[in-house]
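Q: The chain contents come next:
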Amino acid sequence: MLEIRCPYCGKRSQNEFSYGGDGNIKRPTLGEEINTKDWDDFVYFRDNPRGKHTELWHHTSGCRQWFKASRDTATHEIFATCKMNEDFNE
Amino acid sequence: MQKYSIFSLVKNALSNHKDWEVAWKDPEPKKEYDVVIVGGGGHGLATAYYLAKEHGITNVAILEKGWIGGGNVGRNTTILRSNYMFDSNSHFYEFGMKQWETLSQELNYNVMYSPRGIINLAHSDAQMNAYARRGNSMRLNGIDAVLLGRDELKKMIPFADFSDTCRFPIHGGLMQPRGGTARHDAVAWGYARQADSMGVDIIQNCEVTGFDVTDGKVSGVQTSRGSIKTKKVGLCVAGSTTLLADMLNMRLPIEAHVLQACVSEPVKPLLDHVVTFGAGHFYCSQSDKGEMVMGGDLDGYNSYAQRGNMPMIQHVLTGGLAVFPNFSRLKMLRTWGGIMDMSMDGSPIIDKTHIDGVYLNCGWCYGGFKATPCSGWVFAHTIAKNEVHELNADFNLERFHSGKIIDEKGVGPKPWIG
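So the sequence lines, in the order shown, correspond to chains A and B.
Numbering follows the working numbering, in which position 6 of the first sequence is assigned residue number 6; successive positions increment by one, without gaps.
Numbering follows the working numbering, in which position 72 of the second sequence is assigned residue number 162; successive positions increment by one, without gaps.
Think of the hints as simulated: they come from the structure by calculation, not from any bench.
Be aware that a few hints might be false.
What the hints assert, rightly or not - Below, a list of computed lysine to aspartate or glutamate pairs in the EDC-like style, where the Cα atoms sit at most 20 Å apart:
#1 Lys504(B) with Asp40(A)
#2 Lys143(B) with Glu196(B)
#3 Lys319(B) with Glu122(B)
#4 Lys52(A) with Asp22(A)
#5 Lys442(B) with Glu381(B)
#6 Lys155(B) with Glu118(B)
#7 Lys155(B) with Glu297(B)
#8 Lys494(B) with Asp38(A)
#9 Lys442(B) with Glu355(B)
#10 Lys504(B) with Asp22(A)
#11 Lys494(B) with Asp177(B)
#12 Lys52(A) with Asp72(A)
#13 Lys307(B) with Asp441(B)
#14 Lys37(A) with Glu488(B)
#15 Lys442(B) with Glu477(B)
#16 Lys494(B) with Asp40(A)
#17 Lys494(B) with Asp41(A)
#18 Lys504(B) with Asp38(A)
#19 Lys188(B) with Glu477(B)
#20 Lys504(B) with Asp87(A)
#21 Lys52(A) with Asp336(B)
#22 Lys504(B) with Asp41(A)
This structure is a prediction, so every number in the text was calculated from the model and none was measured.
Please construct the entire structure, taking both the sequences and the accompanying hints into account.
A: Here's what the structure looks like:
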């Protein structure tokens, strides 16, 4: 069982959260001309490291806020979590 | 190579089984090979076997960082099927089903292929319609499919919850009678033994640490046991694909996720088929030892740990108990996890790459085991001829740019949701 610290609610059990995937993906800016390759990269291509991974989580059964987590994909250790508009304080 | 038969069994019994030949050797890596296969799992071993058998390429090394068959080929729930709707998948997996039917004879190794039938349960009229459609498209592709009604199912799995008051009543199901199971370890060992006998070097405890690439061409691999020259490298490393791709500066539409499975204590024969719950993700079959072999969803977050967490086991078994309430009395014997190479459309990638001589076999998601023979067969063809076979032509890397994705489940590029 993972224990995840929601930046708004504190430490809760994994059961309350949903995963949101790679947290480093930047959606192409709206309204700007974008070539199809960049768009494909945004949709299909992700960071997939063994080790420290920046990712998104959603406190689905809690405050329903999205936030960022820095987690180790090999040990499942969670180093830090922060609000979407913040950086990790590690 | 010593042929396995009733006569060799009797002969060796008389000498107290002390004179069996080793099934495969433990060679030191040579300086150079025609082809190097990275990954000694089912797909890597099968690829080496078909390279030797179909294409006469025997100067081949399989590099395995652990021991052969220690990854997903030893961690799956052993299910074989070809009940797909899309043509690319149907043709590919049906080719594989035909290989399974004669694999024990071909390898002279009992892989215990058991065509016990796989049944997908339906729990609504809409789901029955969808299954009828899938069954029809399977039959149009020459694959066996039978739509079962509730009464027929009552005879086949009488202990399932057929009450009218349950949350997901069983309306019927779709069955592929030739689907079933096989002994997963035997598949790895059978391929290893035959490949070894034809001259393939199976090199265990040998981790690939780098690639020698000059002018877009591969010339060798660096390993924990020294450097090896080769002009062709095939990657069959499932969950570790990204780690190798990173060394080649390849960004792939792959995420690593942990998928768990579990077995119960052994009980007397009860379940004669492979059964999947249609209102959640749960599938089950009974092993020859009597254990209920059960599996379900990914844990749902990127992971390279070959172990998962209890919430998903609980979630999967909740679905299981909804369809088989009598399983609640079973004790759990063990649970384990394997690392899935989840592709962004749920279908595999078997293709050449932007580097000359580097070939890619990955993206197997939940379904790599059943594909072992056909994956090895087409990958061997792709490596030997330096061109894809028509069976794997659609499983290319380019599809993530051309738009011809093969999203059988229709979940989109979020593997943890599927």
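Q: Take the hints in turn and mark each one as holding or not.
A: Against the structure, the hints:
Proposed proximity of Lys504(B) and Asp40(A) is supported: the alpha carbons are some 14 Å apart, at most 20 Å. Straight-line distance between C-alpha atoms of Lys143(B) and Glu196(B) comes to about 11 Å, which keeps the hinted pair within the 20 Å bound. Of the supplied pair hints, the one linking Lys319(B) and Glu122(B) holds, its CA atoms being roughly 4 Å apart against a limit of 20 Å. Annotation: proposed proximity of Lys52(A) to Asp22(A) holds, straight-line Cα distance about 11 Å (limit 20 Å).
Of the pairs offered as hints, the one joining Lys442(B) and Glu381(B) is violated, with about 41 Å between alpha carbons and a cut-off of 20 Å exceeded. Under the criterion of a C-alpha separation no larger than 20 Å, the hint pairing Lys155(B) with Glu118(B) is consistent with the structure, at around 14 Å. Taken as a hint, the Lys155(B) and Glu297(B) pair is honoured in the structure, with Cα atoms around 4 Å apart against an allowance of 20 Å. In summary, the hint linking Lys494(B) to Asp38(A) is supported, as the alpha carbons are separated by about 17 Å, within the 20 Å threshold.
Between the alpha carbons of Lys442(B) and Glu355(B) the distance comes to roughly 44 Å, so the proposed pair goes past 20 Å and is violated. As the CA atoms of Lys504(B) and Asp22(A) are separated by approximately 10 Å, the hinted pair is consistent with the 20 Å bound. Of the supplied pair hints, the one linking Lys494(B) and Asp177(B) holds, its CA atoms being roughly 13 Å apart against a limit of 20 Å. Pair hint Lys52(A) plus Asp72(A) holds up; C-alpha atoms about 4 Å apart against a cutoff of 20 Å.
Using a Cα cut-off of 20 Å, the hinted pair Lys307(B) and Asp441(B) holds, with the two alpha carbons roughly 16 Å apart. Taken as a hint, the Lys37(A) and Glu488(B) pair is honoured in the structure, with Cα atoms around 11 Å apart against an allowance of 20 Å. Between the alpha carbons of Lys442(B) and Glu477(B) the distance comes to roughly 7 Å, so the proposed pair stays at or under 20 Å and holds. Distance hint between Lys494(B) and Asp40(A) is fulfilled; the C-alpha atoms sit about 12 Å from each other, no more than 20 Å.
Simply put, Lys494(B) and Asp41(A) have alpha-carbon atoms about 15 Å apart, close enough for the 20 Å limit, and the pair holds. The hinted pair formed by Lys504(B) and Asp38(A) meets the criterion: a straight-line CA distance of about 18 Å does not exceed 20 Å. Our distance criterion of 20 Å between C-alpha atoms is broken by Lys188(B) and Glu477(B), whose separation comes to about 23 Å. At most 20 Å may separate the alpha-carbon atoms for a hinted pair to count; Lys504(B) and Asp87(A) exceed this at roughly 25 Å.
Only pairs whose Cα atoms come within 20 Å are accepted, and Lys52(A) paired with Asp336(B) is accepted, the gap being roughly 15 Å. The suggested pairing of Lys504(B) with Asp41(A) holds, with an alpha-carbon distance near 14 Å, which does not exceed 20 Å.
Consistency with the previously given hints fails for numbers 5, 9, 19 and 20, ordered from lowest to highest.
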